[in-house]
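S.K.: With the first letter of the sequence shown counted as 1, position 95 gets the number 95 in my numbering; the numbers rise by one all the way through.
Among the hints, erroneous ones may be present.
[As the list claims (entries may be wrong)] Each computed PhoX-like pair below joins lysine-lysine, with the alpha-carbon atoms no more than 25 Å apart:
id: 1; residue 1: K110; residue 2: K126
id: 2; residue 1: K120; residue 2: K110
id: 3; residue 1: K65; residue 2: K262
Rather than coming from a laboratory, the hints here were simulated on the basis of the structure.
Just so it is clear, the structure is predicted and the values come from calculations on it, not from any experiment.
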Amino acid sequence: MGERQILPRQTNSTRYGQNSSIDLKWRSSRQKARPERVQGIAARLHFPFTFCGQFGAMSLTVTQKLFLAVFLTLGAILLVVLLVMGWSLRHGFSDYITRLELSRFDGLAKNLADDYAAYKSWDHFKDDRAAWHRLVRNSLRPPPNPPPPLAGPGGGPGRPGFGPPADRLLIGRRLALVDGQGRFVAGAERALTSPSRRAILAGGVPAGWLVMARSPGTERAMDAVFLSDQRRNLMLVGLAAVLAALMASLGLARHFLRPVHKLAQMARQLRAGDLGQRAAVRRRDELGQLAADMNQLASSLETAESARRRWVADTAHELRTPLSVLQAELEALRDGVRHADAQTYPRLLGYAGQLTRLVQDLHDLARADAGALTHQSAPLDLAALLGDIVAGFEPRFAERCLGLSLDAPKSLPMLGDADRLRQLFTNLLENSRRYTDPGGQLLIRARRQWDDIVVQFDDSAPAPPQDSLPYLFDRFYRVEQSRSRAAGGAGLGLAIARAIVGAHNGQMSVAASSLGGLHVEIRLACDGKRS
C-alpha cells in the first residue's frame with residue numbers, strides 16, 4: 001500500500017478567497033442597482049403627490065373655474081337636500097306607521113278615560129301593573145269569530161276557528177301611559193320620547209296620553225317595499241338634478257363668458273394695431289357696460305392715432321417749407337446763381353427764425369401734453385401787463401392800418417406766470433394782426449368778475465365759418481378761406497394759448513364777434529386756483 005498523503009487543511013480565508021472576485025462583483029452590482037431601486041421606489045411613492053401638485057398647479061380657464069364653482073355648489077346643495085329628504089322620509093314614514101298603529105287603540109283610550117273618570121287618578125295602574133297589560137291585550141284582541149257552520153245533518157260541531165294572531169310587531173310592548181303632566185304611569189318607558197301620542201280626554205281635558213315607541217324591528221314587507229321605491233325615486237331625481245345642474249352650469253358659464261371672449265379677441269386686435277374693431281356685445285349688465293367702455297376706448301385710440309398721424313404729417317409739412325426755401329437759397333449762393341447782398345442774410349435769418357419759432361412752439365406743446373409746461377406763479381397786475389403788451393403792438397398794428405384799443409381798470413391783481421401770460425396775449429395779438437383785414441380793429445376788454453378775471457379779444461372781419469370754431473384750437477388747423485399760410489404762422493398759436501390757460505387753471509373759448517371777426521374769451525382765477 002502506498003503511503004497516504006496528508007494534504008494541508010484549507011482555511012476559511014483560502015476557501016472563501018477562491019470566490020472573492022465573484023463576491024466582490026456581486027456586491028458591487030448590488031450597490032450599483034440599489035440607488036436605481038431606491039429611486040424607482042421613491043418615484044412610485046412620490047407619483048401621487050406629483051400628480052396632485054401638477055393638478056393643483058394646472059391653470060384653469062375662467063370658463064372652467066366658473067363651471068366648477070357653479071356645478072360643485074349646486075351638487076353640494078343637491079346632495080344635502082337628498083340626504084335630508086332621505087332622512088326625513090325614513091323617520092317620517094316610521095312616525096306615520098307608529099301613529100297609524102296608535103290609532104288602533106281608540107277603544108283603549110276610551111276605556112282609559114272611563115277608568116280615570118271612575119278613579120280620578122292613574123294610581124290603580126301603578127299599584128297593579130297586570131291590570132295595564134290585561135287592558136292592552138284585550139284591546140289587541142280581534143272581534144270574536146262567527147260561530148262555525150255545522151258539519152252535517154247530525155249537527156256535530158264543525159271545524160274550530162283560528163285564535164287571535166300573535167303580536168308580531170310587539171305593539172303592546174311599545175305602548176306606554178303618561179299622566180297629564182307627562183309623568184310615566186305604566187307600559188314601556190322607552191316610549192316617553194316618542195312624538196306619537198294619543199290624548200285621553202276626561203271631561204274635554206287631557207287626563208293623560210297613550211305614547212307608542214317606534215318599532216325596533218324590521219319593517220313589514222309592504223312598508224319596506226314602499227321605502228325602497230321612494231329611495232329609488234329619490235336617487236333618480238337626484239341623478240336628474242345633477243345632470244340638470246351640469247347642463248345649467250355649462251350653459252351659464254358659456255353665457256357669461258361669451259362676451260368676455262369677444263372682448264379678449266377685440267383687445268388682441270387692438271394690440272395688433274387694428275383700431276377699427278368694435279365689440280358687438282348688447283347686454284344691459286356689467287359686461288355690456290364693459291363692452292361699451294371698450295368700444296369707447298377703441299374709438300379714443302383710433303382718434304388719438306389719427307391725430308398722431310396728422311400731427312406728424314403736419315409737423316413734417318410745416319418744417320419742410322422753410323427748410324426747402326432755406327436749402328434753395330443756400331444752394332443758389334453756393335452755385336453762384338445768386339450773390340449775397342444786403343437782403344440775403346436778413347432773409348435767411350428770417351427763415352431760420354421761422355424754424356426756431358416753430359420748433360419752440362412744438363416744444364411748448366409737447367411739454368404741455370406731458371404736464372411739464374413751465375409755470376411759476378407770482379403776484380402780478382394783469383392790467384399793467386396788458387397795457388405794456390398793447391403798447392408794444394401799436395406800431396405793428398398801425399403798419400397794417402388796424403386799430404388797437406384796451407378797456408381795462410387801473411389794476412387787476414392776480415397770481416400767475418407773467419412770462420407765460422405775456423406769451424399768451426402776444427400770440428392772440430399776433431393772430432389778430434395777421435388775419436384781420438386792413439382798416440379793421442381789435443378791441444381788448446378786461447374786468448374782474450367775482451373771483452375771476454375775464455379778458456375778451458374782439459376783432460373785425462374776416463370771421464371764420466361757424467362750423468370751424470370747434471377746431472380752431474387743433475394744432476396746425478387753418479381756415480383756408482381767410483386765414484391762410486400766406487399770412488404766416490403754422491396754426492399753433494391758439495393751441496399754445498389754450499395750453500397756457502390750462503396751466504393757470506383757466507378756461508378759454510371762441511365765438512363769433514359782434515365786430516365781424518373772432519371773439520376770444522379767457523377766464524383766469526385771481527388766486528390761480530379753481531374749485
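S.K.: Which of the numbered hints above does this structure break?
M.R.: No hint contradicted; all consistent.
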